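Student: Each chain is listed here by its residues.
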Amino acid sequence: MEAFYFSNNGARLFGVLHRPAETPRLGLAFCCPYGQEMVSSYARFSRWAKLLEQEGIAVLRFHYGGTGESAGSSGDFSFESACADTEAAVICLRERLAGTPLGLFGYRFGATVAARVASRVRPDMLVLWAPVVDPAAYLRELLRLRLTKELVHQRQGHVKVTRRELVEQLEAGQCIDLFGDDLSPVFYSQLLEANPWAEPPVGVKVLWLARAQEGRPGADKARHWQQVQVAIDYRAIPEIVFWEEDPPGLPERFTQETAAWLQKVQAQG
Amino acid sequence: MAAKSAGAGMTTELVTIPNGRWPLHGVLHRPAHTAQRRVGVLIVQESYNTKFGPHRIFVRLGEALSQGGFHALRYDNRGTCDSEGFLDITFEDRLADSETALAYFRESCQLEAVIVWGLCMGATVAAHLTRGRRTGIDGLVLCSILADPRDASLPQLGYANVDVGEFLKDSWRRGDWWGKVRRVGQRFSHYRRVLGRLAVVWVRAHVSPKSELARLRAAIQQVGRLLARYEGPCLLIFGEKDETLAHFQERVNPGDRLGLARKPRPPDVVIIGEGDHTFASREQMTELLRVTLDWLTPLQHGRRPAMVNRDRGVGHGVSAAPVAE
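Sequence lines, in order, name chains A and B. Heads up: the first sequence runs through residues 1 to 269, numbered per our numbering. Heads up: the second sequence runs through residues 1 to 325, numbered per our numbering.
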């Protein structure tokens, strides 16, 4: 395992490469989620990366600029910057693992980033866990969380600003404070306008694991990709996951299905 | 690929801290300017998290400290996050890692003084570093300290509050029970789910991992006594709305049971207005960094840290500490 800084157009990004002792059979770049979900999942996914390393899979975990150990402030972070940083991470992984098949893995916001970037960097495979398919609903959820925090953790009788006021601030070009991080108007507008599903990664093998309760929007997107000749395997899994409740560890069925799929795809060549 | 990065006069360096079969991954912030004395701040993260922390609290702290002329070191515990291997760490592991990191920090930066800055469980670990003066630290900054054993939790338990009795008491105190009773019919499925989870938590807490939980509770239980015994400079920081403040006031040190106020040099106490457990807003973070730097700066000149916000601290009576220095 090696921790290092690498660069995206001069901006310092942090990465950790888990490299098996033997020649890896696959390299995966992990695209992490945003905000609190990144923090709450960090230990779990670093542990999974270590387990994958033992199974002969190299993993590059990295932090987008303005998050974690990477340089920049949270106000500089946006959907496009996350995509650009992911491309830089893939280039870094390709340099380090020349000749090894490469994949992108992402969960929640990271899965949406991975889906967008896949059509540009053409990995051999793409694994998505519960991507954000409705950015507007996701943003509403983030803003609602901030209000919930005021009511619960700060034990306020009422919220200081309403969700509508927060949206107005963003639309007026101001950053808002999201649990101590800045959520920028650029991020807000990019996410609302982003359509990562518009450019299907034709020729890339895709595994898409959704939560059972996500329902139609994700399934519709997956069907659309199928229609344009993307080899996609979409599965809805009835499992409680840590970003909704607080079970310890990783979602067992998500990891099992992913490991089995990776093995199967590799065996097929 | 680089393991070092510089900007605005300060350097951030990725380091591997030798620790037997469990080397620790760390980030070292070297100062932007040379202070009169080489003072380092070891940052000990909360619970079972990572060295950048929620809303990058530890990154920002490390950067602010290095801009203020301090060295700062953050690290991941053994077998977690960016450190090698994987392990369900115990409290003793965390303590051993902090000692290792402290020794490494002192030697690699040739420090003349070391302060330990901890958040939540990290503050509990920092308090334990004063046990038997084995590490010779020069001061403590303890934020949202876990000092009440009833607040103990483990990742194996899904971080749930494992003390069901306390959970029920707290729920009772929070009130509106009549309203809740009236709404049972409408919210039956919600209550069924909550009761189911409570049952699972209770069984887990009392059957499988009890030994580690008991050890953790015992370690947290000792914090009050350790604070009472510690003679070095100490700053306690709480968020006004954080439960650890209420628990410290009501359960750990009611009526100054620990005798903190009677010490020759009582701990300094700062309560950050509207503050929560991890100081998760711009204003709280700004205040936290200001308070920390103001308190630590005298150390660079060989002086004892000074209390920075005595009115609020005493007003809330956390330690019932006198204001006079």
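If you are wondering where the hints come from, they were derived from the structure by calculation, not from laboratory data. Keep in mind that a hint or two might mislead.
Claimed, not checked - Stretches of chain A that chain B covers, calculated by requiring three or more beta carbons in the stretch to come under 8 Å of a beta carbon on chain B:
1) 29–43
2) 172–180
3) 183–196
4) 257–268
Stated by the list, open to error - For each label pair, taking beta carbons as the anchor points, the in silico distance ranges come out as:
5) T90(B) <-> Q256(A): 22 to 30 Å
6) P20(A) <-> A261(B): 52 to 60 Å
7) G136(B) <-> A236(A): 40 to 48 Å
8) S47(B) <-> E252(A): 21 to 29 Å
9) A21(A) <-> E107(B): 29 to 37 Å
Since the structure is predicted, the reported quantities are computational estimates derived from the model, not experimental observations. Heads up, the beta-carbon is just placed ideally off N, CA and C, and yes, glycines get one too.
Student: Taking the hints in turn, state whether each one holds.
Tutor: Right, here's what the structure says about each hint:
Look at the stretch 29–43 of chain A against chain B: 4 of its residues bring a Cβ nearer than 8 Å to a Cβ of that chain, three or more, so the hint holds. Counting residues of the stretch 172–180 of chain A whose C-beta sits closer than 8 Å to any C-beta of chain B gives 3, which meets the bar of three, so the coverage hint holds. With 0 residues having a beta carbon nearer than 8 Å to a beta carbon of chain B, the stretch 183–196 of chain A misses the requirement of three or more and the stated coverage is violated. Here the stretch 257–268 of chain A counts 0 residues with a CB under 8 Å from a CB of chain B, which misses the bar of 3, and the coverage is violated.
About 28 Å separates the C-beta atoms of T90(B) and Q256(A), a value consistent with the hinted range of 22 to 30 Å. In this structure, P20(A) and A261(B) meet the distance hint of 52 to 60 Å, their C-beta atoms being roughly 58 Å apart. The given range of 40 to 48 Å is broken by G136(B) and A236(A), whose C-beta atoms sit roughly 57 Å from each other. At about 23 Å, the CB distance of S47(B) to E252(A) agrees with the hint of 21 to 29 Å.
Remark: the range hint 29 to 37 Å for A21(A) to E107(B) is upheld by a beta-carbon distance near 31 Å.
In terms of the numbered hints stated before, the structure departs from hints 3, 4, 7, listed from lowest to highest.
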